[in-house]
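Undergrad: For the protein sequence lines, the chains are A and B, in the order given.
Once you know that position 902 of the first sequence is 902 in our numbering, the rest is easy, because the numbers rise by one and skip nothing.
Once you know that position 100 of the second sequence is 10100 in our numbering, the rest is easy, because the numbers rise by one and skip nothing.
Among the hints, a few may not be true.
[What the hints assert, rightly or not] The following label-pair restraints were derived from C-beta to C-beta distances:
#, chain 1, residue 1, chain 2, residue 2, range
1, A, H521, B, K10142, 33 to 39 Å
2, A, M334, B, R10247, 54 to 60 Å
3, A, H521, B, D10092, 33 to 39 Å
4, B, I10018, A, M334, 38 to 44 Å
5, B, I10018, A, H521, 42 to 48 Å
6, B, L10044, A, L529, 50 to 56 Å
7, B, R10226, A, I455, 49 to 55 Å
8, B, R10226, A, L712, 19 to 25 Å
9, B, S10199, A, I700, 54 to 60 Å
Source of the hints: derived by calculation from the structure; they are not laboratory data.
We put the beta carbon where it would ideally sit given N, CA and C, even for glycine.
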Amino acid sequence: MDDGLLALPDPNATQPAAQQHLLKLSLVCFVLSEYNEVWRDSRGQSPSPPRFLDQSSGCVCVSAAGDLEEVLESAERHEEEERGKEKGQERRRDKKRKRKPQRTTSQPGEATSEETAESEARRGRRKRGREGGGRGREGERQEDEEEQGQRGKGAKNKKNFNNERRRKRAQGEQEGGGDAPRRQTHGRGQSDERKEETKRGGVKRPTGPAEKKKRKKEVENSSQQESSEEEEEEEGGEEEVKPETLSPEELEKLKEAVDDRKKLIHTLRGKPWSMKKKLTSLGESQKFVEKFEGALGKGKGRKLYAYKVLMNKKWMKFRRDFENFKTACIPWEMKIKEIESHFGSSVASYFIFLRWMYGINLILFGLTFGLVMVPEALMGRPYGSMPRKTVPRSEEASAMDFAILWDFGGYAQYSVLFYGFYNSQRTIGWLKFRMPLSYFLVGVGTVAYSYMVVIRTMARNANEEGGGDDNNFNFSWKVFTSWDYLIGNTETADNKFASITTSFKEAILEEQESRKDDNIHLTRFLRVLANFLVLCCLAGSGYLIYYVVRRSQKFALDGLESHSWWERNEVNMVMSLLGMFCPMLFDVISALENYHPRIALQWQLGRIFALFLGNLYTFIIALMDEINLKREEEEVVKQNMTLWEAGLLNESRPENSTAPPFSVHPADTPRGPCWETMVGQEFVRLIISDTMTTYITLLIGDFLRAVLVRFLNHCWCWDLEAGFPSYSEFDVSGNVLGLIFNQGMIWMGAFYAPCLPALNVMRLHVSMYLQCWAVMCCNAPQERVFKASRSNNFYMAMLLVILFLSTLPAIYTVVSIPPSFDCGPFSGKNRMYDVIQETLDSDFPPWFSKGFSYVSNPGLVLPFILLMVLAIYYLQSTSKTYKQANLELKKKLQTQNEENKKKNKKAALKAAMELEEARKGPRHTSRTSPPRSIHAGVGTPEHPGGLGGTWGTLKTSSKGRDKGEDHGRGQRANQGKGGQQAPSLRDSGGRVPGISPPAPRSHTHQTPGHMPGNPRQPAPRLHRVSSSQGHRE
Amino acid sequence: MVSPAIALALLPLLLTFIIRYRYYFVLFYRAVLVRVWYDCRTGLSREERAFQFILTHATPGDPDSILDTFDFWCSKVEFISNIGPKKGKILDRLLSEQCPLTVLELGAHCGYSTVRIARALPLGARLYSVEMDQRNATIAEKIIRLAGFDDDTVELIVNPSDEVIPKLRSEYGLERLDFVFMDHWKKCYRPDLQALEGSGLLGKGSMILADNVLFPGAPNFLRHVRGCGLYEWRIHRASLEYIKGIRDGMAELVYQGVK
């Protein structure tokens, strides 16, 4: 454009088309140099160049200026007051370099616009329709002619001819045959602008480079609004360099601008903008603030400030690193996070649960290991010193066989791992460690600790839940809260997306069906049928287990050696198999019921729970039978024992009466069956087989399957991955239940086998790694990714129930069955808890035991229990009232919200009405004074402060037009009609209600220039703008 | 020796399998056992039996009637893996949206999908239908003609698809394919798609619809589509034709051209 204005010979006009890239480069340089010259000229002659700069065009010039540093600097010498700015521009040049080609090609006028047309055509990017291009060309030509007519300069005429020729050539070169690229349409927009401009300028236009310059800038502004932003930053940049040169007034302004930016950053979240705009304006504002905050202080203070900022940043970074470090310290945290990102939070919740369980077991293990096993192993009597600590003679030969050890027989049975090994000696070692007491207290302590932890966790979770029904805004909840933000894997995200959509579909269907409720009888029938089938299944599995346990007792009576491995391990095998496959069957059956997936999941969990519980209790009942058998056997052994002892005494007495009564090797002594050890062994075996089944199913069901699916897929006749076997999904509910029941068995058996917590810790540790690996390596993300937060407490409740149910049999055995007479820490006592009384009697002063007996008499205990019940009741009722109060508050909030909404609606309506009225006003004004509206439309920089109502209108109007249309047209239309653009105005009105159309214009007059994002400029700004405006008109 | 109790414990697993995969058992029964049984009894091929049934039950010249009869035979009498009515509706919709002028169908089988496509075509459009098997092709030809589509609308090419595609431009004078429907051997999906890409017949906006990409499934095809970036693609999920419980899908690809 400026070549047009300056009428300089165009070297490119004669260049062959083959050297296009060279041509382009030279053109760019040429344009740039000219540009700068123009600028220098303009500044040399015009008295008020900074105003033009304020008109948000300086940046364009600078960015266009590109490499021509010297030119700039010479200009700087000319203009004292401009110095700071130029430096800033110089500094920014590096940043701009990337954008520079675009800018230069798009902005400095016709020659370059053609240039871009060529290049664009070559690149073959988005092409518009042929007509658009044609129109664009025509528009340019027209505009050129107009310009010629108005200026009437011969040289320029020549130039325009040149342009024409070149343009034609360029058009011919376009391979698409006239697909006019976007740039050209831009050019057209410029030309339209310029037409307007020339019309305007025709009234009163001083000739001279300054005016040219100004016009050019305006055109550029109109075509590329975003430049204003940069320009503003640039201006700031200058000031950063030399804050001393700034007048206090300017400093003040800068400060205000920074404050505004800061405010914007804070309030950005609530702005009704599109995300893109928010992001860009946020970034810009942050940059701005970062840049200029330091400049605000002076001298020393500034340095200190910079230092402070630096330290603050360092501190933030350190804190972030420290947080990372802390996360890295949490065991398996990273692993779980990774899984969470792949599989959603429900799967991760299992692993978190597993970790929590691991922690609890670690403490249980610490208790039993530190207070029971280690003292006994270190200070108790060594192996072989007593009958209970020795392998009997009959088993000695096979005691070290692996098969026996694997079943926890042989040497494993006669070790600290089991109840029977412990001696009833009251104190052991030099520490006088009260072994039986410790054993008993540890048993009680594990259970008490578990109760405490579970209940505390439940209470904490209950707090998070909050009260109230969530059925109120079902769809809103779905819309706004269903995304799981922790997902980082695309496939999972796809699945989540699909599950959200399906849940929407289902919810809609549900809504419909809740109104229809047809064929309810069939559904009811099906549900009853499903429950019946499940009950049958449960009963069958219970009976099978009972049968198997009875059979195994028969085998045990016969002697295990005469039976095969299958028969010996029948109980465990059957229990594991049932526990594994019955849930699958339930799952299949539950398809009949047609429940919502969440409800279905709860049913499923409940059924599995019932199954496991049934199996466990069948097992325990069978164990009780066995205990009774063993006790009968014990009676017999006791009698035999006295006979045997008597016989032994009789034998030994005649020979020498002073000899010690027994000299028999402990291995040869007859002994009782020791039912406690038997129970412990059973539990340990159960745990081991359960663990093995879990791992083996993991390896076969998941890993092997995944391998087969993965590698056979290439040579299979159907798609294995998407079709039948596919990859397995991680079964959260089953795994959680498995974990819970495993823990229940631990709690049940830990009293009789102190090794159980240790085993469980090992198991959990291994399964943590194994399952993490298996999930990441062979499982596919669930098709229904659901969130876990709700079900978490459900698991906890189940854990509590299991804890209770598993402590019941343990307590029953401890309280009601007398301990074996010749094994365990309580041998010789009538009941196990007698150890407490014994300790009280012998270890505490007599007053204490007296007091204890007083306290423990029913007269005191009963009132105490009553008091506790009352307290519980009181707390319960208060919590209920709190909950209700919460609900009330919620309701209040809701109603308030609704009222606010209504109010807002009213306000918006009112504002719209006002707008509507006011719009009639500006229509007249815009018709009477079109240049003004042009100015408002054109000279407005886009500032993120958002009050640029006009920019909004501009944008929307240009966007509102079809894509085939171009910016220029939209702008022109907007300018021509002034405020007639109804949708656009409404748009701006919607954004800034209460501002009547003239107001935004005045704002746009205020805002241009200096400070980006400064919606309300201070008064001093006005005179500049108005002066420039006055200059223009 | 495994004890009976353990065997009993495996019963739930067996039941689960039977219940969960019952549709596959049904499919196996209908597609294999019944077919073998009828083959032995009548001495005709399955397609011939279908043709006889249609000849006796459908109205000649009425594509709708022929399609309905086909559906009836496939769902009630025997099983032939046509596209089926449900997925056919998707096909119809896509065709009516696209309004293609040149359509290529790979795998005509007995002509069900050919009739279905030809029915939905706009005036002046032409359908090239490729069938590899000679016997199926004769049946398909008969059914197409029975439905009232002449040589100008539907051209049946009896040749394997990998031989036909390179010759489409030279022998059949095709410039561009607007719509391609794939329902032949699932293994051939990917090679044929690549051949189509190579032949240059696909223009921007050409649509390719591949049936049965989930069951029996064409994993290589899907992988290729995902990987190559030439297409905008989506999968229409539906169930397998004539059997509700088996999930299947059709892949809809829109050629975007080389970027």
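Undergrad: Give a verdict on every hint.
TA: Quick rundown of the hints versus the structure:
no.: 1; hint: H521(A) x K10142(B): 33 to 39 Å; verdict: violated, 49 Å
no.: 2; hint: M334(A) x R10247(B): 54 to 60 Å; verdict: violated, 36 Å
no.: 3; hint: H521(A) x D10092(B): 33 to 39 Å; verdict: holds, 37 Å
no.: 4; hint: I10018(B) x M334(A): 38 to 44 Å; verdict: holds, 43 Å
no.: 5; hint: I10018(B) x H521(A): 42 to 48 Å; verdict: violated, 27 Å
no.: 6; hint: L10044(B) x L529(A): 50 to 56 Å; verdict: violated, 43 Å
no.: 7; hint: R10226(B) x I455(A): 49 to 55 Å; verdict: holds, 50 Å
no.: 8; hint: R10226(B) x L712(A): 19 to 25 Å; verdict: holds, 21 Å
no.: 9; hint: S10199(B) x I700(A): 54 to 60 Å; verdict: violated, 47 Å
Hint check: violations occur at hints 1, 2, 5, 6 and 9; the rest are consistent with the structure.
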